[in-house]
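Asker: Chain residues, written in single-letter form:
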Amino acid sequence: MQELFPYLLNGVSVGGQYALIAIGYTLVYGILRLINFAHGDVFMVAGLVMVYSTTSMPIYLAIPLVLVATVALGFTIERVAYKPLRTAPRMSVMISAIGVSYLIQNLAFYITGGVPQPVSNPIPWISDNVVLFGASTKRVTLITPFLTIFLVIALVYLINNTKIGMAMRAAAKDFETAQLMGIKINSVISMTFVIGSFLAAVGSMLYFTNYPSVAITSGGMPGLKAFVAAVFGGIGSIPGAVVGAFIIGLCEEIIKGLGYTTFSDAFTFALLIVVLCVKPTGLFGEKVTDKV
Amino acid sequence: MTMKKKKTIFTAVVLAILLAACIVVDMTLPTYHIAVTVIKKATVYALVAVSMNLLNGFTGLFSLGQAGFMLLGAYAYGVLTIPVAKKASVYQYFDGGAIPFSVPEIFAGFLGETVGTVVGMLFCLLIGGLLAALMAYLIGLPVLRLKSDYLAIATLGFAEILRAFFQWNALGPITNGSNLLKSYPTFGKATPYVLLAGLMIAVILLLINSTYGRAFKAIRDDEVAAEAMGINLAKHKRMAFIISSFFAGIGGGMMAMYMGTIAAAPFKSSLTYEILLIVVIGGIGSITGSVLASFLYIFSSEWLLRGLDSGTFLGINAPDIFKNGFRMAVFSVIIMVIVLFFRKGIMGDKELPDLIDPKYRRKKRKEAAGK
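From first to last, the protein sequence lines are chains A and B.
Adding 9 to a residue's 1-based position in the first sequence gives its number in our numbering.
Adding 15 to a residue's 1-based position in the second sequence gives its number in our numbering.
Listed below are the simulated BS3-like cross-link pairs for lysine-lysine, each with C-alpha atoms no more than 25 Å apart in a straight line: (1) B:Lys283 / A:Lys265; (2) A:Lys288 / B:Lys162; (3) B:Lys359 / A:Lys92; (4) B:Lys162 / A:Lys92; (5) A:Lys288 / B:Lys250; (6) A:Lys182 / B:Lys162.
Just a few of them, taken from the derived set where beta-carbon distance is under 10 Å, the chain B residues facing chain A: (7) Leu161; (8) Leu177; (9) Arg178.
Calculated directly from the structure, the hints in this document are not laboratory data.
Heads up, the beta-carbon is just placed ideally off N, CA and C, and yes, glycines get one too.
Chain B extracted, bound-state conformation (with noise of 0.2 Å):
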């Protein structure tokens, strides 16, 4: 068998037991269980960071502003999918809204209840990442001429241009001002999420693997030599800025999801921060590092480490160090140890088929002896 076959095979069972998992996971345990919310969560946080690592790991442009983008694809989504009998509730200061449809309504008119429902949710969603990316466009005319630290001030300022405009009360009837979005129809079940958030992945792994991805890389590690090769550096820097944006939307319409509620408040800097540390635990320029991290980080922040913050941890019963904010802090510490002194992340720029290459792990032990 060859290598390329082994890793195929590798890969697709790696993948086939976690989607086992999940599905049993949703079979077993009631949709409130932390363990559906932590699998939920976590795969909304993957398909972000997969996104901003695009971004910021393969293309070499380095943009805090995928927050605000994540917030045009949570509103598209909430705005066009409350019902229209809950409107009035939702909107109760501006007179139900202005837009008087629903669209999983309108799908479910001629697909029937459940499919057509699903149907207008997927459909919003991409509209939300449509958004994001038409947004990206036109943001990216002017930004994307910055280098490096002004380009991602430039974005991050963006990001928090858009959350103004989205809590200002003249757009109060489409996005309820700084009030909340709520009523909208969401996948209480946690397969839903893997598979698309999967979808979506695949899809920037094969983008990656394409030639346009090569391209991204060699403008990651040289841009000059890059142009010098004839690619197009205006181009394909605002390709993996609209793609990277467009997922970042979806990402976004499915927090919204996960959320159950929409308001511009969790939008914040703070986000991309999270979402960027997290690519930095995964490896930057590594896939599946980044997937693996989201996973690690919200499974520790959700689950493992919640003792940390309530009183007792490992059946040490501290009342006054274990409060909260504890696990927080704790987990700070443990990102700074990685940016310090593990600054490949867990993965480098390794992915999931490499671990099972000799190559690889002879490289490995090579550097262990070097050392």
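Chain A extracted, bound-state conformation (with noise of 0.2 Å):
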């Protein structure tokens, strides 16, 4: 159990940032039915802005540069590459989507010239180190769950008691009769872009402290997790997605601490296999019936 316990530790904290990607997928898929394979990249370019403006600015002007930076991202990725493709097939989006991720890394390449981005101590009070229960670890480890957490919480009061968040609903439920109720369903969209990209660019900030360096797949991994926490948790719903990543984040840690790490990343793909194969709905997702 000592050993085991910073591994612990970390997957509690890994868990975290899963989740606060993982809402930016579950929220996209359930307005749009869509994979958002571009979401991964998002949460990789907030972190080479991240990189890039600490180096360069200080730290209160670019911690909100990395973050308008990403909601911005996000908000364009959607107007240009998906709404054209309202209409047309789900098919068609989600090749748009593997397009536009494959041009996020592409332009990233270019930009950074292929190079890894070194992170040295971006923001510096969380990344000092301290000691709990005899095991080192880095501060951010230790505020990840909770800022998650809090961050989590602001969101369902956002989506129960507001007036955005009720069309957000509405939209989730219905798309069609939604539209025809006066619901201004592009501003809606935009909206779940702008609030899923905003909790990629936090989460990507917490989690890239923890690494060396921010490289053009570095979103890749973690994005596809997400998703599979997303699934996991039952698609659409929020808590799900949380519980979904915080057991993905542990399991993956505590694999990594038997001596396993090569299969820490097939063993998501083989849970989400598990689950999509005895529990297609997730841990809290509504069941949906065929329309013929």
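Take the two lone chains and join them into the complex the hints point to.
Answerer: Below you can see the structure in the form of structure tokens.
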């Protein structure tokens, strides 16, 4: 147990970071029925912007810049790549998402020259080392779960108690009827992308503080895992995504702690396949019946 | 002359010209020339793209597992063909590996050196394909019950799991862990690739035009209606998945031949994405389109647009803009434009013989007039 403790600590922290990404997937899927393949890359771009901005300007400017830039990117992607395909078959939108992911990665490769950008103490206070019950860790590991839960509560409040939240719930329930009821569907969809990207940016700053560098491919894996978390928790459900993300983060770190690092990624996908086959609606998902 | 006859002659002439061109390239240029490389790589991509099109375009199953099946084919080919004498140096961390024989050498033993080696190589490609098909059968049992995007993500996941397994140290005596497999026999010339891939694509084409192919298309267009017409959905989906994976496995084996070394790293999901985008550029549901797009894609990325990465393009010298990665950036912008504005791709759902068909031409003119 004593050896596993640091891994458990890490697991909770990674889980929180996955949760912040997973919400972006689950919100978008809930409304558009689209796996936003580009979301992981948005996450990566947030990491890159953080690296660039924290080295060139003071921290109180850098963090807002990361948030604004990521939100703008998410918003633009939706407007340029998904909006024109609103009436197209779902496969086309998914292909467009894959195309966007490919584009972002290639642009990032061009800008960074393909060299992983080193992360050197970007946000001073949170990357200090602390010792907890004999396990040495960075302060960010302890902050992440609390910050995640705080943000999730804020989001749930937003969705349950505000006008835009009500519009989002309506759109997720029935896209066309919501439109007929006078809901401006495009602004609702933009809003989901803005929220998703904002949370991804927060997650990204926390995630990459723990890593030595940001590479152009470092968004892919966390992105896919967060998606698995969203499916595991029941896609479309925010608490589901958060619970799923914490479970996946924990399991992954426990597997690493037991010495099977090669399989920590494989485990996530095995879990996905088992969930899809046994309970496709996930832990908290709603049952959907297909109409002919 | 009937239209059908005309079409056959037209197709035969086009194919013969292409084959002749390839043979000429082989005879006049050395094997390391860029033209030979382009042809080799493009034929491999064409085969895999067509196999993906069979599944995504003709059967309507959105699968993203292609890279995983290619990985199986590539490894099967490499593991079985490494000459016995070279095993010690390839498997230097694993005591010469666990497989004490090499298939091409066994065939060379009773068919003679040249013929035997070639037969052995083809045999190993086939084994790679069969392995991929077997894996597809097993994976298909749970996964094919899923719908559209869930299927995509599950197959993507399977490909990632496979990749993790092949890098696992405990399998090292067979897969060489995370080290390279190399020194296996390959075809140096381009013509064998063209002939092989051509043969495979012809088989896929025959399949698509058979009753099975029509059943696949029916499933794509309307699953419920197809089932009502008496098509066994589970059986046909499974079949399409297995056949597509078989050819992806063979494509993977050919990819191994082309690359000269095998590692698990290139078979990431980005390879699948690349092939999917080729299929989209060519037109989902058109074999000719997939082949054409593969050649265009590889030709421009490996040859035509090289200058975008190395400082000078079209005589303009601007090393600050044309630096490493610019080519792919330009490329992905073009792809996005195609995905967003020319969703039908180059060929739509037309095939090579349809190009001379007045029916299609008239339709096109009408569409143009209608706008």
